[in-house]
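*Asks:* Below, each chain spelled out in residue letters.
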Amino acid sequence: MSTTLEVRNLRTHFFTRAGVVKAVDGVSFTVGRGQVLGLVGESGSGKTVTGFSIIGLVDPPGRVVEGEILFHGRNLATASEEELRHLRGNRIAMIFQDPMMTLNPVLRVDTQMIETVLAHEKVSREEARQRSRDALGMVGIPSPDERLKSYPHQFSGGMRQRVAIAIALLHRPELIIADEPTTALDVTIQGQILAEVQKLAATTGTSLIWITHDLSVVAGLADEIAVMYAGRVVEGGEVGAVLDAPFHPYTVGLIGSVPSRNRRGEPLRQIPGMTPSLLKLPAGCAFRSRCPRADEACLAMPDLLELRPGRRARCFHPHLEGAGA
Amino acid sequence: MSATNDTPLLELRGISRRFEKKLDFAGKIARFLGAPLREEVVHAVDDVTIGIRKGEVVGLVGESGCGKSTLGRIAAGIMPPSNGQVLWRGTDVTKLDGPASREARLRAQMIFQDPYASLNPRMRVEDIVGEAPLVHGMTTRAGFSAYVEEQMRRAGLDPAFKRRYPHQFSGGQRQRIGIARALAVKPEFIVCDEAVAALDVSIQAQILNLFMKLRSELDLTYLFISHDLSVVEHLSDRVVIMYLGRVVEQAPAEEIFARANHPYTVSLLNSVPRIEARKRAFTTVKGEIPSPLNPPTGCHFHPRCPHAMPRCSQEVPKLKEVAPGHFSACHLNS
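Protein chains in written order, with this note's numbering: chain A, 765 to 1089; chain B, 474 to 807.
If you're looking for bench data, these hints aren't it; they were derived computationally from the structure.
Here the structure is a predicted model, which is why all the values come from computation and not from measurement.
Hints are not guaranteed to be accurate.
[Said to hold, decoys possible] Only pairs whose alpha carbons sit at most 25 Å apart, straight line, appear in this in silico BS3-like list of lysine-lysine:
| no. | chain 1 | residue 1 | chain 2 | residue 2 |
| --- | --- | --- | --- | --- |
| 1 | B | K659 | B | K527 |
| 2 | B | K686 | B | K527 |
| 3 | A | K1044 | B | K635 |
| 4 | A | K913 | A | K886 |
| 5 | A | K913 | B | K759 |
| 6 | B | K527 | B | K793 |
| 7 | B | K759 | B | K791 |
| 8 | B | K759 | A | K963 |
| 9 | B | K635 | B | K686 |
Input sequences plus hints: build the corresponding full structure.
*Replies:* Structure (structure tokens):
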């Protein structure tokens, strides 16, 4: 399988007045062609900033300070703004949590979609309209011809997200970065969108980075999973293997706190404490203060090591014996 | 959970709530001149009857626009119903006035979804938590400090933070402030409206555990409103499913997750992603949630239902007992 994207030791820091926020601090992963990577983490874990860094959308005071983002071997971290502009929306697309971040509220959907097509390709207006209509049909919007003439506010939340996905698909990108695209939607609508996305990844060979806090969505959708905590990947590997037998105590705790993994009516297993502030991270393993397995060794930063074939974890005391989370 | 007598703690009987958008002056003139304008009426809650027994946790589930929050507000007594009765141990609380009505409002409290919007940013935590008990004479100026500290400790907050403002807390801690505020007036009944939806998974587990601990310590009764079925399954004794303002199914929690009867409940349960399900094909319900402004005739679910019959578009199905304690509103059962 060929590699679409390889991220190596990515560091994105924000230079604020209060200090340097290391939002992403040494993240590495690869996404193969047609693969779905689930990037999982809680608020402030750096999962969104990782996505923004790949597509070059980090605004000052933030900056990619180190690392390589290899898209088909080309390093995007050092690419010029001009080059990125050619890639964005064309070969790499992004879907945001709030579709109104993609859509312009005062323009009709057709205007926005045709504009997107013409931005990257020399085709006739009519052909661009055709393409837009097909894209809307592909994401399951009924009567796409009429819907093209609507404004974003005339769509429901789920339909708006479909339009945003359709725009992302216009140029048949090789990589789509989706940042919590179904979090704000109802379950039945989420189910519909996930089904569409799954079909697309399977039929077009598009690679996906699916950023979410919801392990259950990743379980059904992703091939690979990368769990982030305080700006670092703490565990990665094939999704089934990681969820069945997590190595890192944080992953163990995260899976354990999912309600369906607990006996009804019994107290949920919980991770004590809360995520540390990225401004004053403790030395060593960032999970140390909440970890039941922490000892003196954890005062140093563990490396992300391949502990089993295809299974990486960043921990001195991994649950190799099988945690049975 | 045992019901000592048959009178529920809280009974909502035939509750309806309509929201009307009246035409403005220009609209009235336009209509007079023949424009096809009408007053828009949303039936947010449409003839709902549920009873909640003392000590019970009832989960209220539904998608956006199904009226679950409106029903929760009516149950908590912060919104009057358009029709129907809210009975507290058999007395209609909407008809009370004076001190009796004030007492009734204290008995039911609410915890809101958004821990950012539901706390006054200009008030210190001690005032957020302590204002109501002080007004209602549950504590005195002299005992204020000790009272607030006890409330904060019970909700898992460090009393040393009582002089702080809400913005100095994280989302999970803010939700604890909301819980402390609700419990400070010694209620018997709590409405939790999506109280953990905005929290991270690991924090959500902490707050859910706190809910369960408080329930056994203080003998509380909960109406737990959520769109998250796994949370509801974990917490509730009984589950009520709503769709577009109506109750479509209600049953004990084990029963509904094992033997869902209504097609909407079935498709809802199928749509929920589960961590146990790997690389699955996501099953889908066709269609969108219709607008509550213009709901389908008959059974509201019929345009999306895989089993719809001609009768479903004409006649509203009634809730029928399909198994002991298990009610479902579907024509397939008759």
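*Asks:* Each hint: holds or not?
*Replies:* Hint-by-hint comparison with the structure:
For the suggested pair B:K659 and B:K527, the alpha carbons sit about 15 Å apart, so the restraint of at most 25 Å is met. A hinted pair counts as satisfied when its Cα atoms are at most 25 Å apart, and B:K686 with B:K527 qualifies at roughly 16 Å. Only pairs whose Cα atoms come within 25 Å are accepted, and A:K1044 paired with B:K635 is accepted, the gap being roughly 24 Å. With a C-alpha separation of about 23 Å, the suggested pair A:K913 and A:K886 falls inside the 25 Å cut-off, and the hint holds.
Our distance criterion of 25 Å between C-alpha atoms is met by A:K913 and B:K759, whose separation comes to about 23 Å. Among the hinted pairs, B:K527 with B:K793 is consistent with the structure: their alpha-carbon atoms are about 24 Å apart, no more than 25 Å. Between the alpha carbons of B:K759 and B:K791 the distance comes to roughly 24 Å, so the proposed pair stays at or under 25 Å and holds. Only pairs whose Cα atoms come within 25 Å are accepted, and B:K759 paired with A:K963 is accepted, the gap being roughly 16 Å.
Proximity of B:K635 to B:K686 is assessed by CA-CA distance (about 22 Å); at most 25 Å being required, the pair is judged to hold.
Hint compliance for this structure: no hint is broken.
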